[in-house]
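K.L.:
The whole structure should be built from the sequences, with the hints applied where relevant.
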Amino acid sequence: AQSVAQPEDQVNVAEGNPLTVKCTYSVSGNPYLFWYVQYPNRGLQFLLKYITGDNLVKGSYGFEAEFNKSQTSFHLKKPSALVSDSALYFCAVREATGRRALTFGSGTRLQVQP
Amino acid sequence: EAGVVQSPRYKIIEKKQPVAFWCNPISGHNTLYWYLQNLGQGPELLIRYENEEAVDDSQLPKDRFSAERLKGVDSTLKIQPAELGDSAVYLCASSLGPSGLNEQFFGPGTRLTVL
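Quick mapping for you: the protein sequence lines, in order, are chains A and Y.
For the record, in the first sequence the residue sitting at position 67 is 67 according to the numbering used here, with numbers rising by one throughout.
So the mapping is simple: the numbering used here equals the position in the second sequence, first residue as 1, plus 114.
The hints are simulated quantities; they were obtained by calculation from the structure and are not laboratory data.
Computed from a predicted model, the values in this text were never measured in an experiment.
For each residue, glycine too, the CB sits at the ideal point set by N, CA and C.
Some clues are possibly wrong.
[Stated by the list, open to error] Just the calculated beta-carbon pair ranges, DEER-fashion: (1) 97(A) x 225(Y): 46 to 56 Å; (2) 190(Y) x 15(A): 40 to 50 Å; (3) 152(Y) x 39(A): 44 to 54 Å; (4) 123(Y) x 69(A): 21 to 31 Å; (5) 153(Y) x 7(A): 16 to 26 Å; (6) 184(Y) x 71(A): 40 to 50 Å.
P.N.:
Listed below in structure tokens is the structure:
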């Protein structure tokens, strides 16, 4: 069975500082990995995905994530945080074969302080 | 381009009553998903449609939940009868293609409160 862990319920960072939101996963075989963001009173929005290829994936709003197979991680990063980045972030995984369903983590709330 | 539309946005009902949620996906998206999101948790897939066919309903509690997508466009999710534990946000999403690798576009959700 596939699973995702987001070990931090909340991450606090000062505006202008780099941010990291952690994600580890467990799948049988190769993973497909995704990050989504949820702003208050709005639906989840896609940020980026890793399917294959370069381990460093660039996405929307200046975010990027690095796929690390040996550590089974897919941490979300941004070099310089903005107050407007404050939101709920979800990591999701899908196995390359088998059931075509995403399994989402429990989410990490990012709070960027001015 | 209009996004995924869901209605109602909020619903409060007494336990044992029926309730229905409606979703209109983005035009041209043949894959439609219904998710359940409990407070403090990530979305959990209930059912996935490819056009009008339910291709993954393994997590749908079929004793009380049902869904349909008769013409392969909009969809309805129903609960009958509702239980206290059904209080949650019900999300609808859509995507292009059946691979499950395409970006999913989510609606704002329907927040259900069962009293």
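K.L.:
Which numbered conditions among the earlier hints are violated in the structure presented, ordered from lowest to highest?
P.N.:
1, 3 and 4
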